Amino acid sequence: MNKCRKKTVDITKAEDVMGCQRFIDKAFQELDKCIKCGACCSVCPVFAEHGLEKYVARGKLALCEATVDGTLPLTEEFRRVINNCTLCMACVENCANDVQVQQVIIGARALLVQKRGLPMLKQIIFRGMLTSRLMMHSVLKTGSLMQWILFQRIPQSSGLRKRFPLPLIDEHRYIPKFARQPFLKQAHEFIESPKDSQNVIFFVGCSTNYIYPNIARAVIKVLHRLGISVVIPEDQGCCGMPVMANGDLIIARRLARENLARLLSVDDTSPVVVCCSSGGYMLKHGYMELLADDALWFAKARTLGARTYDISEYLIKQVGPKKIADIVSKTHPHEITYHDPCHLNRGQDITAEPRELLRIASGGKFTEMPEASRCCGSGGSYGITHRDTSRAILMRKTDNIMSSQARTVATGCPACIIQLLEGLQQQGGCVDVRHTIEVLADSI
Amino acid sequence: MEKNMINNQARASLIQLLGRKRYSESMEDRISYSYDATRQRKIPDAVVFPENVTEVSKIMKIATAHRIPVVPRGSGSGLTGGTLPVKGGIIMVMNHFNHIVEIDQENLLVIVEPAVINAELQREVEKVGLFYPPDPASMDFCSIGGNIAENAGGMKAVKYGVTRDYVMGLEVVLPDGQIVHTGSKCIKDVVGYNLTQVFVGSEGTLGIITQAILRLLPQPESKKTMTAAFESMTIASKTVSDIIKNRIIPTTIEFMDRNAIHAVESKFHLGLPKGIGALLLIEVDGDMDQIDKQARQIHEVCRSNQTIEFRTAKTDSEREELWKARRTIPASMLKIKPLRLNEDIVVPRARLPEIIEAINRIAEKYNLIIVNFGHAGDGNVHVNVLMEDEAEEIKRAHHAVEDIFVATIALEGRISGEHGIGVTKREFIGLELGPAELFLSAQLKRLLDPGNILNPGKIFPDELLSRNKK
Numbered sequence: 001m002n003k004c005r006k007k008t009v010d011i012t013k014a015e016d017v018m019g020c021q022r023f024i025d026k027a028f029q030e031l032d033k034c035i036k037c038g039a040c041c042s043v044c045p046v047f048a049e050h051g052l053e054k055y056v057a058r059g060k061l062a063l064c065e066a067t068v069d070g071t072l073p074l075t076e077e078f079r080r081v082i083n084n085c086t087l088c089m090a091c092v093e094n095c096a097n098d099v100q101v102q103q104v105i106i107g108a109r110a111l112l113v114q115k116r117g118l119p120m121l122k123q124i125i126f127r128g129m130l131t132s133r134l135m136m137h138s139v140l141k142t143g144s145l146m147q148w149i150l151f152q153r154i155p156q157s158s159g160l161r162k163r164f165p166l167p168l169i170d171e172h173r174y175i176p177k178f179a180r181q182p183f184l185k186q187a188h189e190f191i192e193s194p195k196d197s198q199n200v201i202f203f204v205g206c207s208t209n210y211i212y213p214n215i216a217r218a219v220i221k222v223l224h225r226l227g228i229s230v231v232i233p234e235d236q237g238c239c240g241m242p243v244m245a246n247g248d249l250i251i252a253r254r255l256a257r258e259n260l261a262r263l264l265s266v267d268d269t270s271p272v273v274v275c276c277s278s279g280g281y282m283l284k285h286g287y288m289e290l291l292a293d294d295a296l297w298f299a300k301a302r303t304l305g306a307r308t309y310d311i312s313e314y315l316i317k318q319v320g321p322k323k324i325a326d327i328v329s330k331t332h333p334h335e336i337t338y339h340d341p342c343h344l345n346r347g348q349d350i351t352a353e354p355r356e357l358l359r360i361a362s363g364g365k366f367t368e369m370p371e372a373s374r375c376c377g378s379g380g381s382y383g384i385t386h387r388d389t390s391r392a393i394l395m396r397k398t399d400n401i402m403s404s405q406a407r408t409v410a411t412g413c414p415a416c417i418i419q420l421l422e423g424l425q426q427q428g429g430c431v432d433v434r435h436t437i438e439v440l441a442d443s444i
Numbered sequence: 001m002e003k004n005m006i007n008n009q010a011r012a013s014l015i016q017l018l019g020r021k022r023y024s025e026s027m028e029d030r031i032s033y034s035y036d037a038t039r040q041r042k043i044p045d046a047v048v049f050p051e052n053v054t055e056v057s058k059i060m061k062i063a064t065a066h067r068i069p070v071v072p073r074g075s076g077s078g079l080t081g082g083t084l085p086v087k088g089g090i091i092m093v094m095n096h097f098n099h100i101v102e103i104d105q106e107n108l109l110v111i112v113e114p115a116v117i118n119a120e121l122q123r124e125v126e127k128v129g130l131f132y133p134p135d136p137a138s139m140d141f142c143s144i145g146g147n148i149a150e151n152a153g154g155m156k157a158v159k160y161g162v163t164r165d166y167v168m169g170l171e172v173v174l175p176d177g178q179i180v181h182t183g184s185k186c187i188k189d190v191v192g193y194n195l196t197q198v199f200v201g202s203e204g205t206l207g208i209i210t211q212a213i214l215r216l217l218p219q220p221e222s223k224k225t226m227t228a229a230f231e232s233m234t235i236a237s238k239t240v241s242d243i244i245k246n247r248i249i250p251t252t253i254e255f256m257d258r259n260a261i262h263a264v265e266s267k268f269h270l271g272l273p274k275g276i277g278a279l280l281l282i283e284v285d286g287d288m289d290q291i292d293k294q295a296r297q298i299h300e301v302c303r304s305n306q307t308i309e310f311r312t313a314k315t316d317s318e319r320e321e322l323w324k325a326r327r328t329i330p331a332s333m334l335k336i337k338p339l340r341l342n343e344d345i346v347v348p349r350a351r352l353p354e355i356i357e358a359i360n361r362i363a364e365k366y367n368l369i370i371v372n373f374g375h376a377g378d379g380n381v382h383v384n385v386l387m388e389d390e391a392e393e394i395k396r397a398h399h400a401v402e403d404i405f406v407a408t409i410a411l412e413g414r415i416s417g418e419h420g421i422g423v424t425k426r427e428f429i430g431l432e433l434g435p436a437e438l439f440l441s442a443q444l445k446r447l448l449d450p451g452n453i454l455n456p457g458k459i460f461p462d463e464l465l466s467r468n469k470k
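Protein chains in written order, with my numbering: chain A, 1 to 444; chain B, 1 to 470.
Rather than coming from a laboratory, the hints here were simulated on the basis of the structure.
All values reported here derive from a predicted model rather than from experimental measurement.
Just to be clear, a hint being listed does not mean it is correct.
DSSO-like cross-link-like pairs, simulated, lysine-lysine; straight-line CA separation at most 30 angstroms [as the list claims (entries may be wrong)]:
(1) A:K317 - B:K314
(2) B:K337 - B:K324
(3) B:K238 - B:K293
(4) A:K122 - A:K13
(5) A:K33 - B:K335
(6) A:K33 - B:K87
(7) B:K42 - A:K26
(8) A:K365 - B:K127
(9) A:K115 - B:K314
(10) B:K324 - A:K33
(11) B:K274 - B:K335
(12) B:K21 - B:K159
(13) B:K42 - A:K33
(14) A:K115 - B:K21
(15) B:K324 - B:K335
(16) B:K337 - A:K33
(17) B:K274 - B:K238
(18) B:K335 - A:K26
(19) A:K26 - A:K13
(20) B:K314 - B:K324
(21) B:K274 - A:K33
(22) A:K33 - B:K395
(23) A:K365 - B:K159
(24) A:K300 - A:K122
(25) B:K337 - A:K26
Please put together the full structure from these sequences, using the hints given.
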């Protein structure tokens, strides 16, 4: 209890407020780089749905410029426009001048949080994430319990489902089931391999921990079979991406420092593996961006970032495809395709490694879908706050998946998995959605 | 703050016509339609989103009645300020006109609405084995309406011509709201004046294009892409002349000079030999045996001009990467210096070596970095005078541009090949057109747009349209 209170009191530490301001200033320096050529219009999934210039990167940057030069106050409409972005970074990839649009969007959201505050609901959730994992755990447990009551007990056909809708959630929505017991509660802190070889530190990530513990089990199964010992620090926290994406940089900085301290305290050398694309992005880049003004913490972030790997990257680059092939005994039975999570592909430049793992796991039964790297519309909380656009973006993705004729779609991000499951369920549910590492784990 | 041009009565009529969703005076919408690729900003008073030609016509009637300027806008990717509302007024966003109405495979033509994206049209007609050649570098995001209004060129002009050569007919709304149909689906058509071509390249100053009939070709069986590196731009441009002299018309011959190569290399890692002064990107299309023969001949010409390295793209993705590198040069130049003056002069192609030499002399004279790239095959050079953000250098750059225009005209060239005049070059139009041509143009503008409400402040200096008034 004491611990909680102490953290709430110094929640707006002066350095963090200044650090946040520096982040915004640096992000807005990107504005000068945009020459308004319009190339982003050809790749932005949100613009493709709305067709309005304000929703494309070029328009959003112009609006940010206008807030800087005083032409536009921080209006409610500005907030709405800035929030209407999945942070998929397709515009960044397509930009000849490498304008870091995602930084500008996060910077603008941070500015809005700074000047106008966060909506109450988000405030409660984010502060909750910080104050204690215990509390976070109980919030999610309550969620789990409520969900259980509302959705497990009420038969599919019952009218009660319509009469007691959850806020923001419609009756057709796919609702991920929370695990009865989070992964980190069940797992041992150290899973030693019989062969005495390298240790890796496993950063689990919230979605895997609370919703898809099977992904974590798959990571451990594969590493174990390869003779690698796994350290799983129990008190690891949220990576901070949802908080950062919503512009609450002060909390994001604190989450970053806590995770850095915890993960770096294990040892000085072990690689850190991550099985979610946002977690990997944060550990590799996000923490450095957040803590750029703080020499000590920036150095720590760089150290950790340099030895962080997405699980597919670790397996292909550090272990090697040959060793992986050696442990595969029963290949995946049918054609498999792959959806590139934005923060794995554009965020970490990882596209070949998961495909190689899938080829190994399926004995070559891999097929590309059209537009594999196009955003699925999940975008973290975007899918909840911008349901219609998110659904429209998702439809194009599921059409692409269906056209590949594959019976399994693999991906490297639990948030994408939730989204794809929802979309594919509406298409009849005949395509299975798995994490890449689950496919591999099933084949050994 | 300048005065809002929209009075209450006009506003009420427009809202009644379009509803509050498709008429906006919100600052956010106005700002997001205040710019194009010139990087200039001029905030309009209102933005409208018509859904059909009747609405466009009614908007123009309201605008005429209240003397409100209207600027039609496609994708806003223009390079000369064609969609900047320099006199305020209304931006007419055409984004609802985004349908391909009909692909007529028997008559080899397509009926399109103006907001269809160039690359999207190409993809759709390619699905049925047809081909729409004009392909400006911005093809992934520029609209067909904008292409027609600016008479856009592209990479394939050397063999296939420009947008003008593919427009068979138009539906156009005149400034007073009249709807006119020009041209037809017929290849031969001499009924009356060729009104279609009056509107092609009119930069949105004479009418608003709401539909177009475009000519298509059968898709060539195959294509082959090559690159040839040379020690200097002079040798490269001589090579281009030699290729044409040998009676070979490639689909494209693009060139990049040393600075242009440098600008894209950091992103694309083309792995070119160090120290090269020019790169030619050459593509041929046609039947397999025909293109093999042409490719061999081109290789021969390049070799006799001491090419340092000659490469043929082996895969589609290799080819696409080369093209992507070429298409992103304009945007990549910011990496060298923060500001640039972007000109697109054109000379008869035999004079390419001369104009390149002239530009190099001018760069030396004013001590400036000038990046040249563009369409060697049709003599169209994109001249980019780079500048630091400091008054003295900006002044020198402007002098250099004037010198380049004078040199271009002396070589029988034109000061714009495909970007148009817009606002950025209108002060120079008198260098190129004489008083008689300017007078005729002003007469034409006044005939179609007596109130000067359609995209005012473009192409001609303001004095011209007021001075010649009778």
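Hints, one by one, checked against the model:
1. A:K317 - B:K314: Measuring from Cα to Cα gives roughly 28 angstroms; hence the hint holds.
2. B:K337 - B:K324: holds (21 angstroms)
3. B:K238 - B:K293: holds (21 angstroms)
4. A:K122 - A:K13: holds (20 angstroms)
5. A:K33 - B:K335: holds (9 angstroms)
6. A:K33 - B:K87: With Cα atoms ~27 angstroms apart, A:K33 and B:K87 stay inside 30 angstroms; holds.
7. B:K42 - A:K26: holds (26 angstroms)
8. A:K365 - B:K127: Given that 30 angstroms is the threshold and the Cα spacing comes to 28 angstroms, the pair holds.
9. A:K115 - B:K314: violated (55 angstroms)
10. B:K324 - A:K33: Holds, at about 20 angstroms.
11. B:K274 - B:K335: holds (19 angstroms)
12. B:K21 - B:K159: Roughly 45 angstroms between the alpha carbons, so the hint for B:K21 and B:K159 is violated.
13. B:K42 - A:K33: With Cα atoms ~19 angstroms apart, B:K42 and A:K33 stay inside 30 angstroms; holds.
14. A:K115 - B:K21: holds (29 angstroms)
15. B:K324 - B:K335: The given pair, whose Cα atoms are some 17 angstroms apart, holds under the 30 angstroms limit.
16. B:K337 - A:K33: holds (11 angstroms)
17. B:K274 - B:K238: holds (21 angstroms)
18. B:K335 - A:K26: holds (18 angstroms)
19. A:K26 - A:K13: With Cα atoms ~20 angstroms apart, A:K26 and A:K13 stay inside 30 angstroms; holds.
20. B:K314 - B:K324: holds (16 angstroms)
21. B:K274 - A:K33: Satisfied, since the Cα-Cα distance of roughly 28 angstroms is no more than 30 angstroms.
22. A:K33 - B:K395: Judged against 30 angstroms, a Cα distance of about 22 angstroms means the pair holds.
23. A:K365 - B:K159: violated (44 angstroms)
24. A:K300 - A:K122: holds (29 angstroms)
25. B:K337 - A:K26: holds (20 angstroms)
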